[in-house]
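**Student:** As they're listed, the protein sequences go chains A and B. Just add 134 to the spot in the first sequence (first one is 1) and you have the numbering used here. Just add 628 to the spot in the second sequence (first one is 1) and you have the numbering used here.
Simulated from the structure, these hints should not be mistaken for lab results. Treat the hints with care, as some may be off.
[To be verified] So these bits of chain A aren't anywhere near chain B, every CB distance computed over 10 angstroms:
no. : residue
1   : Leu147
2   : Leu153
3   : Thr158
4   : Gly177
5   : Thr185
6   : Thr199
7   : Ser219
8   : Phe237
9   : Ser239
10  : Gln244
[As the list claims (entries may be wrong)] Where chain A lies over chain B, by a calculated footprint (3+ residues, C-beta under 8 angstroms):
no. : segment
11  : 642-649
12  : 727-736
Where is the CB? At the ideal position from N, CA and C, for every residue including glycine.
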Amino acid sequence: GNSVTQMEGPVTLSEEAFLTINCTYTATGYPSLFWYVQYPGEGLQLLLKATKADDKGSNKGFEATYRKETTSFHLEKGSVQVSDSAVYFCALTPYTGRRALTFGSGTRLQVQP
Amino acid sequence: SQTIHQWPATLVQPVGSPLSLECTVEGTSNPNLYWYRQAAGRGLQLLFYSVGIGQISSEVPQNLSASRPQDRQFILSSKKLLLSDSGFYLCAWSVYRGDSPLHFGNGTRLTVT
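The shape of chain A in the complex, shown without the other chains (with noise of 0.2 angstroms):
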């Protein structure tokens, strides 16, 4: 079946520093894959996403690209900023059949002054 594994948190940084999280997948023929933000309290939104091999998602500074070679979609931003703390998910969903997405355990980044 698919799934997603992400790196466990939390992840400290300060602030401006160069943050990476990894993410890696599991699934059969070219899932699209994303990356979505929660902030505390609220619901997830998305943050970027890619579609097909080689494909890169940005979006308010963070990157990640589709790696089909290493199956991977590892999230990353040159310059954290304390509003950036929050819990970010990678998720697919499938090529065909039900589009329900398969979500990571979700990081958590905490980023001090």
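Given the coordinates of chain A, work out where chain B should sit on it, guided by the hints.
**Tutor:** Relative to the frame of chain A, chain B by itself:
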């Protein structure tokens, strides 16, 4: 533009009591609808999804049920709550397309006492 409404935002219920959480979507027709649960400190678990009125697929066996009485209305119910039903419940919608993201409501925090 499309919006999703989920209520109530918080709920405290005793063990054995019934549950009804409601979700409605505006600005789109024939959406796919989903209920997810997020247990404390854990990832998201898909509970139910629906591709049309009266069409419900259950992902995990449990004492919860879902119904879709109207095209843009999705209801999560239980006849008798268990302590293990505590968690953060999220409703979401998407269009039926492989790379379409999910759009989430703000969630309901349920505490069963």
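**Student:** If a hint holds in the structure, say so; if it doesn't, say that too.
**Tutor:** Okay, the hints, checked on the actual structure:
1. Against the 10 angstroms criterion, Leu147(A) stays outside the reach of chain B, whose nearest CB is about 20 angstroms from its own CB.
2. Leu153(A), annotated as away from the interface, keeps every beta carbon of chain B farther than 10 angstroms; the closest lies near 20 angstroms.
3. With a cut of 10 angstroms on Cβ distances, Thr158(A) stays outside the contact zone with chain B, its closest approach being about 15 angstroms.
4. Under the 10 angstroms C-beta cut-off, the non-interface status given to Gly177(A) relative to chain B is violated; the minimum distance is some 4 angstroms.
5. The claim that Thr185(A) is not at the interface with chain B is violated, since a C-beta of that chain comes within 10 angstroms of its own (minimum 4 angstroms).
6. At roughly 16 angstroms, the least C-beta separation between Thr199(A) and chain B is larger than 10 angstroms, which holds for a residue marked as non-interface.
7. For Ser219(A), the condition that its CB be more than 10 angstroms from all CB atoms of chain B holds, with the nearest at approximately 16 angstroms.
8. Consistency note on Phe237(A): stated as away from chain B, yet its beta-carbon is not over 10 angstroms from all of that chain's, at 4 angstroms minimum.
9. The Cβ of Ser239(A) sits about 4 angstroms from the closest Cβ of chain B, inside the 10 angstroms cut-off, so the non-interface label is violated.
10. For Gln244(A), the condition that its CB be more than 10 angstroms from all CB atoms of chain B holds, with the nearest at approximately 14 angstroms.
11. Coverage of the segment 642-649 of chain B by chain A is violated [criterion: at least 3 residues with CB-CB distance below 8 angstroms; count 0].
12. Counting residues of the segment 727-736 of chain B whose beta-carbon sits less than 8 angstroms from any beta-carbon of chain A gives 9, enough to reach three: the coverage restraint holds.
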